[in-house]
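Number of protein chains: 2
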Amino acid sequence: MASSPTFCRIFTRFCRTLASAALKPTPEVHQRSVAKLIDGKAFAKKVRAEVKAEVTEWVNQGNRPPHLSVVLVGDDPASASYVRSKTRAARQAGISAETIRLPSTISQHELLDLIHSLNDSVSVDGILVQLPVPKHIDERTICDSVRPEKDVDGFHVMNVGRLCLDQKTLLPATPFGIMELIKRAGIDTLGKNAVVCGRSKNVGLPIAMLLHTDGDHNSGIGADSTVTICHRYTPPDQLKVFTKTADIIIVAVGIPGLIRADMVKEGAVVIDVGINRIQDEETGTYKLVGDVDFKGVSEKASHITPVPGGVGPMTVAMLMKNTLTAARGDIKFS
Amino acid sequence: MASSPTFCRIFTRFCRTLASAALKPTPEVHQRSVAKLIDGKAFAKKVRAEVKAEVTEWVNQGNRPPHLSVVLVGDDPASASYVRSKTRAARQAGISAETIRLPSTISQHELLDLIHSLNDSVSVDGILVQLPVPKHIDERTICDSVRPEKDVDGFHVMNVGRLCLDQKTLLPATPFGIMELIKRAGIDTLGKNAVVCGRSKNVGLPIAMLLHTDGDHNSGIGADSTVTICHRYTPPDQLKVFTKTADIIIVAVGIPGLIRADMVKEGAVVIDVGINRIQDEETGTYKLVGDVDFKGVSEKASHITPVPGGVGPMTVAMLMKNTLTAARGDIKFS
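So the sequences go chain by chain: V and P.
Take the first sequence: its letter number 94 is residue 94 in our numbering, and every next letter is one higher.
Take the second sequence: its letter number 299 is residue 299 in our numbering, and every next letter is one higher.
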C-alpha cells in the first residue's frame, strides 16, 4: 500500500476530479425550434365538413342543392386538374357540380353567350371560368361578364370594389383561404407588421386589402395589420428590410427560394402561396415547391405553411363556402 | 528702418500667417437645407388652365360646354365653402356648373330620385354629392347611385374596383391630385419606399393603390413604389420605423403634428393631406394646419407640401379634369 501522504494526494485529486465533473454543466445539445406547421390540408377538411353540414341543412329545409358550373376552355392539363379538384370537392360537400368543356378555338362572343345563359339560369348558383383563357379572349371581359351574385371566384370588378370598401361580398378564394388559415391558426394580426410579396390582382392585392383594413366593418374580416406591399420593383435589399420587420409574411410571387432564413425575423408567421414545379437536381424528378426556403425558414418562423398542403387546399375549401353563400343569397348585391 | 534680419523675421512671420490663413477652411456657417415647396396652388393653376384650353377646344368643335351638377344637402358652412370653390373653378374653366341645394331633412328616397334624374339627363356630364350627407342618409347608397360615367368624385363601387384593377376610370380627386403633384414635381417613385398614413377609402387607400401598382397598365398612372399602409392600430414606435424608411410619406390622418422631424429620413418627400383647424395658442385665432410639423420637417425633407396651398387646390383642379373627361366620354364603362 502506498504511503499515507501519497494515498491522500491521489484520493484528494480523485475527489476534486469527481466534484469538478459534478459541477460542470451537461454539454449543450444544440436545439433548433421548428416552426409550427399551419396544416392547410387539415383546416380545409374542417371547412369542407362545415360546408357539407350547412348544405345538408339547406337541402333539408326544402331547397335544391347548391349548383356550381365550371367553364373550362381548352386542354391545359394543369387547368383540367384544378377543375377536377373543385368539382370533386363540390360533390363531396353535397354541391351539384358540372364542368362545361369548350374547345380553345371558341370565340369570345360564344363564351360570353354561354356565361349569359348560366347567369340567367335559375338552377345555377355559382359560375367559375377557369383561368387562364386562350389569348384571343380578353380575361377581364370574361370576369366581368359573370353576374356578381354568382361570381364565386370574386373576380368581377364589382366584387373587387366591394372587397376594397369592406362590404360583405364573394371573396377570391385564395385570399379568403389565407385569412381563414390565419384565423384558425390563432395568429394575432391587430397592429402587427404584415408584408405581402407580390401584387397580383387575384392574390397579393386582395390579401393586402384584407390584412390592412378595419376589422369592425360589416365584412368583419379585416385584420388591422400594418401592411407593406412589395413587388418586382422593390430592390432586393429593401425587400429584406421589410421582411425582417414582418410579424407575418405572405409570399405570392412564383420564385422558388425567394424568402430565405436571413430575411425572416425570429418567430415570424410565414404563409407561402407559391406553387412552383421544379426539377430535383439529384433525382431528376419534378416536385412542387413554394416561394419560401422551407427548411431554412422553418428554423426561424413560429408558423409556416407547407407547399403542397398549405394554402392550396384552403383555396378549394373557400370556393365551396362561396358557392353555398351564393346559393343562400346571403349577400345583398345592389 | 529696422535692421535686415528683424525685417526678414517680421516679413517671414507675415507670409506664414498669410499662407496659413489662405489654407485654413472658411469657418463653417451652419446651413440647414430647407425643403423645396411643392406649390399645389401653382400646379393647380396650370392644371385648370390646361382644362380650360381643352374645354375651349371641345366647345369650338361644336359641343355644348361640360356640365357639373353639385348636390349640397344641409347647411354645413365648410361643405358650402367647398362647393363654392368647386363651382367657381368650374365656371372659370368654361364648365357650366349648378348647385342643387336640399334641406337636411330631405329623405334618402327623395335624394336618390334627384340623383336618378341627373343620371338620366343628357345635359349633365358630372354629378357630385358633397359629403358628408345627414346621418339618416346612407352615404354608400348615395355614392353607388350616381352613374359611374358621371361619378366625378370616383366614389362609386364600380370606380373603386376599376381603380384597383388598373383600369382607366374617374379617379377620386384627392389621390388623383397627389399623383399629379408627384409627377409634376418630378419625384421618382419606381422602387422607392412610400408610406401612407391613414387608410380612409377616399384618400389613404386609393393613394396606396395608385402608388404601388404597375405603371405599365392601361390606366398609366401606377407609381411602382413599395407601399406601406399605416393606420390607427399601427403602434407609434412602428409608425416611426416605417416613416424613417420612407422616400415618400403621404399623411392623411387628421392629427396635427403627427409627423415630426425625428420620424423623417433626410431628403424624404412629404405630402400633407391633413386639413385641421386649430386655435393658435398665443393669438387665439384659428388657422389651418396639416398633419405634419411643417417647420421641423421642412429642415429634413427634400420636398414638402404646405397646408393650405398644397394638396387642397389640386383636389379641385382634378375635379375639373374629371368633369371634362366625363363630358368627352373618353372612358369606356361596360
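Among the hints, erroneous ones may be present.
No copy is singled out in the list; a pair is fine if it fits within one copy or between any two copies.
To be verified - Pairs of lysine to aspartate or glutamate residues, derived as DMTMM-like cross-links and limited to a Cα-Cα distance of at most 20 Å, are as follows:
1. LYS41 x GLU110
2. LYS265 x GLU299
3. LYS52 x ASP330
4. LYS183 x ASP39
5. LYS265 x ASP113
6. LYS287 x GLU54
7. LYS36 x GLU110
8. LYS265 x ASP75
9. LYS52 x GLU98
10. LYS168 x ASP138
11. LYS36 x ASP76
12. LYS201 x GLU54
13. LYS36 x ASP247
14. LYS332 x ASP138
15. LYS332 x GLU139
16. LYS135 x GLU266
17. LYS168 x GLU139
18. LYS36 x GLU139
19. LYS201 x ASP216
20. LYS52 x ASP214
21. LYS135 x GLU50
22. LYS265 x ASP237
23. LYS240 x GLU98
24. LYS332 x ASP237
Just so you know, the hints here were simulated from the structure itself, not pulled from any lab data.
Quick caveat: nothing in here was measured; it's all calculated off a predicted structure.
Results of checking the hints against the structure:
{"no.": "1", "hint": "LYS41 x GLU110", "verdict": "neither (37 Å within a copy, 52 Å between copies)"}
{"no.": "2", "hint": "LYS265 x GLU299", "verdict": "within (11 Å within a copy, 34 Å between copies)"}
{"no.": "3", "hint": "LYS52 x ASP330", "verdict": "within (17 Å within a copy, 48 Å between copies)"}
{"no.": "4", "hint": "LYS183 x ASP39", "verdict": "within (13 Å within a copy, 46 Å between copies)"}
{"no.": "5", "hint": "LYS265 x ASP113", "verdict": "neither (51 Å within a copy, 56 Å between copies)"}
{"no.": "6", "hint": "LYS287 x GLU54", "verdict": "neither (36 Å within a copy, 59 Å between copies)"}
{"no.": "7", "hint": "LYS36 x GLU110", "verdict": "neither (49 Å within a copy, 57 Å between copies)"}
{"no.": "8", "hint": "LYS265 x ASP75", "verdict": "neither (43 Å within a copy, 53 Å between copies)"}
{"no.": "9", "hint": "LYS52 x GLU98", "verdict": "within (18 Å within a copy, 56 Å between copies)"}
{"no.": "10", "hint": "LYS168 x ASP138", "verdict": "between (27 Å within a copy, 16 Å between copies)"}
{"no.": "11", "hint": "LYS36 x ASP76", "verdict": "neither (35 Å within a copy, 56 Å between copies)"}
{"no.": "12", "hint": "LYS201 x GLU54", "verdict": "neither (30 Å within a copy, 34 Å between copies)"}
{"no.": "13", "hint": "LYS36 x ASP247", "verdict": "within (15 Å within a copy, 36 Å between copies)"}
{"no.": "14", "hint": "LYS332 x ASP138", "verdict": "between (28 Å within a copy, 15 Å between copies)"}
{"no.": "15", "hint": "LYS332 x GLU139", "verdict": "between (26 Å within a copy, 17 Å between copies)"}
{"no.": "16", "hint": "LYS135 x GLU266", "verdict": "neither (44 Å within a copy, 47 Å between copies)"}
{"no.": "17", "hint": "LYS168 x GLU139", "verdict": "between (24 Å within a copy, 16 Å between copies)"}
{"no.": "18", "hint": "LYS36 x GLU139", "verdict": "neither (38 Å within a copy, 45 Å between copies)"}
{"no.": "19", "hint": "LYS201 x ASP216", "verdict": "between (24 Å within a copy, 15 Å between copies)"}
{"no.": "20", "hint": "LYS52 x ASP214", "verdict": "neither (30 Å within a copy, 41 Å between copies)"}
{"no.": "21", "hint": "LYS135 x GLU50", "verdict": "neither (38 Å within a copy, 39 Å between copies)"}
{"no.": "22", "hint": "LYS265 x ASP237", "verdict": "both (15 Å within a copy, 17 Å between copies)"}
{"no.": "23", "hint": "LYS240 x GLU98", "verdict": "neither (45 Å within a copy, 53 Å between copies)"}
{"no.": "24", "hint": "LYS332 x ASP237", "verdict": "neither (45 Å within a copy, 41 Å between copies)"}
The structure fails to meet hints 1, 5, 6, 7, 8, 11, 12, 16, 18, 20, 21, 23, 24 from the earlier list, while all remaining hints are met.
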